[in-house]
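Peer 1: If you want the building blocks of each chain, they are given just below.
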Amino acid sequence: MEEIKTYIESGILELYASGGLNSAERLEVEAMLVKHPSLKAELDEIEKSLEQYAASYAVEPSAQLRQKVLGSLAFSESKHVAPEAGIINFAAPRQSAFFRYAFAASVALLLLSVVAIAVLYSRLQNTQQQLAVLQTSNQQFTNRVNYLNTEVDRQQMVLGVLRNPQYKMIRLAGTAQAPDASMVVAFNPAKKDVVIDLAALNMPENDADHQYQLWALVDGKPVDLGVFDKKDEDGMKKMKALENAQAFAVTLEPRGGSVSPTMEQMMVMGAI
Amino acid sequence: MYATKTFPLSKKKLALSENELVLALRQRDKIGAEALYDMYSSSLYGIIFRIVQHDEIAEDLLQEAFVKIWNSFASFDSSKGRLFTWMVNIARNLSIDKIRSKDFRNNSKNQDIENAVNFIDEQRSTAINPDILGVKELVQKLKPEQKSILDLVYFRGYTHVEAAEELGIPLGTVKTRMRMAIMTLRKFFN
Numbered sequence: 001m002e003e004i005k006t007y008i009e010s011g012i013l014e015l016y017a018s019g020g021l022n023s024a025e026r027l028e029v030e031a032m033l034v035k036h037p038s039l040k041a042e043l044d045e046i047e048k049s050l051e052q053y054a055a056s057y058a059v060e061p062s063a064q065l066r067q068k069v070l071g072s073l074a075f076s077e078s079k080h081v082a083p084e085a086g087i088i089n090f091a092a093p094r095q096s097a098f099f100r101y102a103f104a105a106s107v108a109l110l111l112l113s114v115v116a117i118a119v120l121y122s123r124l125q126n127t128q129q130q131l132a133v134l135q136t137s138n139q140q141f142t143n144r145v146n147y148l149n150t151e152v153d154r155q156q157m158v159l160g161v162l163r164n165p166q167y168k169m170i171r172l173a174g175t176a177q178a179p180d181a182s183m184v185v186a187f188n189p190a191k192k193d194v195v196i197d198l199a200a201l202n203m204p205e206n207d208a209d210h211q212y213q214l215w216a217l218v219d220g221k222p223v224d225l226g227v228f229d230k231k232d233e234d235g236m237k238k239m240k241a242l243e244n245a246q247a248f249a250v251t252l253e254p255r256g257g258s259v260s261p262t263m264e265q266m267m268v269m270g271a272i
Numbered sequence: 001m002y003a004t005k006t007f008p009l010s011k012k013k014l015a016l017s018e019n020e021l022v023l024a025l026r027q028r029d030k031i032g033a034e035a036l037y038d039m040y041s042s043s044l045y046g047i048i049f050r051i052v053q054h055d056e057i058a059e060d061l062l063q064e065a066f067v068k069i070w071n072s073f074a075s076f077d078s079s080k081g082r083l084f085t086w087m088v089n090i091a092r093n094l095s096i097d098k099i100r101s102k103d104f105r106n107n108s109k110n111q112d113i114e115n116a117v118n119f120i121d122e123q124r125s126t127a128i129n130p131d132i133l134g135v136k137e138l139v140q141k142l143k144p145e146q147k148s149i150l151d152l153v154y155f156r157g158y159t160h161v162e163a164a165e166e167l168g169i170p171l172g173t174v175k176t177r178m179r180m181a182i183m184t185l186r187k188f189f190n
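If you read the sequences in order, they're chains X and D. Note that the working numbering has the first sequence beginning at 1, numbered continuously upward. Note that the working numbering has the second sequence beginning at 1, numbered continuously upward.
In case anyone wonders, no lab produced these hints; they're calculated from the structure. Please note that a few of the clues may not be correct.
Said to hold, decoys possible - Restricting the straight-line Cα-Cα distance to at most 30 Å, the calculated cross-link-like pairs of lysine-lysine (DSS-like) are:
#  : chain 1 : residue 1 : chain 2 : residue 2
1  : D       : Lys-102   : X       : Lys-48
2  : X       : Lys-68    : D       : Lys-13
3  : X       : Lys-68    : D       : Lys-102
4  : D       : Lys-98    : X       : Lys-35
5  : X       : Lys-40    : D       : Lys-102
6  : X       : Lys-48    : D       : Lys-98
7  : X       : Lys-68    : D       : Lys-68
8  : D       : Lys-136   : X       : Lys-238
9  : D       : Lys-30    : X       : Lys-68
10 : D       : Lys-68    : X       : Lys-240
11 : X       : Lys-68    : X       : Lys-168
12 : D       : Lys-30    : D       : Lys-68
13 : D       : Lys-136   : D       : Lys-68
On a predicted model such as this, the values are computed, not experimentally measured, just so you know.
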């Protein structure tokens, strides 16, 4: 007991409590505390008085510091985590949650874009097909219109000839060569126009080596007015110009026509 | 769960007995942290402020001290001393590390600490904590040489060897003066 009393009176416990010892000296005091529990009561009294001394010099920190300090402590929810790491972890999940949401949003956006592209692509395909169909039918209509225009022109020409009183319609009748043959020649002396109506042509087919040749009899002499085929298109065919004539005749001649008519091959003839 | 009572300084403050507080802190309960702050923040801040003499730095250090206390609470051993003593050591060491750091010494705003301490004692101690009675009376009871050894060691972190050098007195005298100073405190507070 005497030893403990001396130890207490040395003032070492006061230095221990007020933080005035180095670490080796502190360890010695701690060893003594374990060895002599009665020292603990003395130390406790010393510490309490220092605590009150500190309290008499207490200064209130600013009011908002409380929330800041408590906010920087990790409470029992995260007590399994190492304390130092706990502070870092406290903020970390929030950040990773943000990235998780951002990632999910990106993936959703990507899927949405893929779907939108697929829909747009199929619509584009449909549109292109429809466009092709429309172009084809447009071409058909164009062809039809062209055909009809040609037809109308031709009919206009026929009508122009038929309605014009200046034209003389000369009917050529079949000869002994072709008794059933007949055709019509339209002659306009004022305009020196000679036109044949192929639609009203009633003649045997000519072969590839021969053609029909139209002649005019002018003052007893035959004048060449050009050649034609039975197979020529319908409508009116304009022949060579002629001022005056008494009769028309058609002979079958070698292809390209002859200089003078082959009288044995005369198919039709008619006088004005 | 804990027998909480109102702390005399403020209505909102929590206070627990030391055993209850230690239990709550070991369980890392929020109420433990709140009680710890309410019971000790002003005492710890007073000590930190006396060392660094700067509001902002002192508040940063107080926060740092609480984080360290909270995170290293497992190393607190009540057989080696009281909770407050352990916390003061943490706060004091952080503050001393701070004023010895280069960036602190280079900051011209920081006052000359040697000259400031007495000024602070006179200006703030009574004014800021009027609930603690008789600080002036206490200061009168403490002999100046007792007060200076107490402040050097307890508030400014001098070891007894450093204090002996600073004051130019033998080591044994440092110990006796410290013992006398604390005897005076004990008598005064009882």
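Peer 1: With reference to the structure, classify each hint as holding or not holding.
Peer 2: Now the hints, each set against the structure:
Annotation: proposed proximity of D:Lys-102 to X:Lys-48 is violated, straight-line Cα distance about 35 Å (limit 30 Å). Of the pairs offered as hints, the one joining X:Lys-68 and D:Lys-13 holds, with about 16 Å between alpha carbons and a cut-off of 30 Å not exceeded. Note on X:Lys-68 and D:Lys-102: the hinted pairing holds, with a Cα-Cα distance of about 26 Å set against a maximum of 30 Å. As the CA atoms of D:Lys-98 and X:Lys-35 are separated by approximately 36 Å, the hinted pair breaks the 30 Å bound.
Taking the CA atoms of X:Lys-40 and D:Lys-102, the gap is near 40 Å; set against the 30 Å cutoff, the hint is violated. Between X:Lys-48 and D:Lys-98 the CA atoms are separated by roughly 27 Å; this keeps the pair inside 30 Å, and the hint holds. About 14 Å separates the Cα atoms of X:Lys-68 and D:Lys-68, which keeps this hinted pair within 30 Å; it holds. For the hint pairing D:Lys-136 with X:Lys-238, the CA-to-CA distance comes to about 143 Å; that exceeds 30 Å, so the pair is violated.
At most 30 Å may separate the alpha-carbon atoms for a hinted pair to count; D:Lys-30 and X:Lys-68 meet this at roughly 14 Å. Restraint check for D:Lys-68 and X:Lys-240: not satisfied, since their Cα atoms lie roughly 124 Å apart, outside the 30 Å limit. Proposed proximity of X:Lys-68 and X:Lys-168 is contradicted: the alpha carbons are some 121 Å apart, above 30 Å. Between D:Lys-30 and D:Lys-68 the alpha-carbon distance is near 16 Å, which keeps this suggested pair within the 30 Å criterion.
For the proposed pair D:Lys-136 and D:Lys-68, the alpha carbon gap of about 33 Å is over 30 Å, so the pair is violated.
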